[in-house]
Amino acid sequence: MNSFTSAITPNDGDRLQALAGEYVLGTLSRAEHQSVAAQLATNPALRAAVADWEQRFLPLLSLVEPELPPEQLWPRITRSLDQLPQAKAARAAAAARQPLPWWRDLESLALWRGLTAGGFAIAAVLAAVLLLQAAPQPGTRYMVVLVAPEDRAPGWVMQTSSTRQIELIPLGMAEVPAGKALELWTKADAWNAPVSLGLVKPGQRVQVPLDQIPGVQPNQLFELTLEPSTGSPTGRPTGPIHFIGRSVQVS
Amino acid sequence: MPVPCEDFNYEAALLACAAGERAALQRLYEQEAARLLAVVRRIVRDGALAEDVLHDAWVNIWTRATSFDPARGSARGWIYSVARNLALNARRDDLREADLPQETLQVLDDQASLAAWDAVNRAGAWADSAGRVGHCLSELEPVRRDCILYAYVDGLTQKEIAARVSAPLGTVKAWIQRSLVALRACMS
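Residue numbers (the numbering used here), protein chains in the order written: chain A, 1 to 251; chain B, 1 to 188.
Bear in mind the hints are in silico, worked out from the structure with no lab data behind them. Misleading hints may appear alongside valid ones.
Said to hold, decoys possible - Calculated from the model, a selection of chain B residues having no Cβ within reach of chain A, i.e. all distances over 10 Å: (1) 6; (2) 25; (3) 26; (4) 42; (5) 46; (6) 72; (7) 73; (8) 94; (9) 139; (10) 140; (11) 141; (12) 142; (13) 143; (14) 165; (15) 168; (16) 170.
Stated by the list, open to error - Restraint-style ranges between C-beta atoms, simulated for each label pair: (17) B:139 with A:193: 20 to 28 Å; (18) B:64 with A:179: 21 to 29 Å; (19) A:80 with B:143: 38 to 46 Å; (20) B:168 with A:82: 48 to 56 Å; (21) A:201 with B:22: 21 to 29 Å; (22) A:12 with B:46: 36 to 44 Å.
From the three backbone atoms N, C-alpha and C, an ideal C-beta is built for every residue, glycine too.
Just chain A, same shape as in the assembly (with noise of 0.2 Å):
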């Protein structure tokens, strides 16, 4: 490793930008390529540096003709992905499941998507059972349903309950390690960046007031992410999703 690539702080702004630049570019030495690529994962401040290059350069891309891959690319693809460990596990569990409750059948799209047609049916349902009690509010109204990335189940539903304040209602009790939090991030689709929105208590109602950002909006992404115990050390998400969904507009 050399100097170029070396112990990246987060305070050494410039240099981390010109280095995730030109590892997105490609025109690092190789060394340098895997110095950095190896210091992604510990680095969340490169990770982001890297990630907004990306997404700068990404547009390029549509310089190039597409082409079509050879028809027996796909099944090649396939056999390899039931080669793999995991592929295998699945399989074994799938044998040994119940059958899923009606809400789970659905398809992903829905569900993840603005929660429009057959999954607005969720919203309307959670929002009723849930939230009867609720006031009426003046103006529109949000909710979202956080669901878990791997069994999209669902976890935590929020409302907006004025406009500068959102509830955050849990479903159960999720689980987080000692030494561990949760931690609440939102971002609309115009933001670079998402916003922590604080920590969140397992199993406890709270209330979020949302003077770090300007409101919600249709369709903002919000997600509950695992952080150290005083929240995430670089004002980004770090550790892994837990649950993760979007608004929906409801009144």
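Since the structure of chain A is already known, use the hints to place chain B on it.
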């Protein structure tokens, strides 16, 4: 293969892959495999190697989908970064093994990205095809812009770029570093 659709939801498909839905990977493949192959082939040059890299890319997209976080970047960008990284590594391996002489490389179709760039420019299709980065690149001196395109689209090493634009390696390195600073400022 079905025709790619314009309002394809990459994020939903990738999150469904993370949830273990094989059909979502197939939808993603049908949507993006043709462009992904072209991008990979541009970098590795060799057809058979490009297919191997593309195969590995799709296996990686499937196995690593759980590490994708929509808050940290777009799903489409994530997919391309997986494929481009594999392609760049394969090309660097290939270069080291074969140690191709510059003359051999020169006969390969390296002018294509620049030709495509000029065609896009002439058609005035900036906003549609390359958006903000297109505008900001066009503000760079042409030779510096070419360096960025040779690197990003063609996957050339700095040494190869230096040979291609007939400039010293150190100059090319400095150009690229300054261009990145200018692009970042222009796009912020």
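Verification of the hints:
| no. | hint | verdict |
| --- | --- | --- |
| 1 | 6 | holds (12 Å) |
| 2 | 25 | violated (8 Å) |
| 3 | 26 | violated (7 Å) |
| 4 | 42 | violated (6 Å) |
| 5 | 46 | holds (14 Å) |
| 6 | 72 | violated (5 Å) |
| 7 | 73 | violated (4 Å) |
| 8 | 94 | holds (12 Å) |
| 9 | 139 | holds (14 Å) |
| 10 | 140 | holds (13 Å) |
| 11 | 141 | holds (17 Å) |
| 12 | 142 | holds (16 Å) |
| 13 | 143 | holds (15 Å) |
| 14 | 165 | holds (13 Å) |
| 15 | 168 | holds (15 Å) |
| 16 | 170 | holds (13 Å) |
| 17 | B:139 with A:193: 20 to 28 Å | holds (25 Å) |
| 18 | B:64 with A:179: 21 to 29 Å | holds (26 Å) |
| 19 | A:80 with B:143: 38 to 46 Å | holds (43 Å) |
| 20 | B:168 with A:82: 48 to 56 Å | holds (51 Å) |
| 21 | A:201 with B:22: 21 to 29 Å | violated (37 Å) |
| 22 | A:12 with B:46: 36 to 44 Å | holds (38 Å) |
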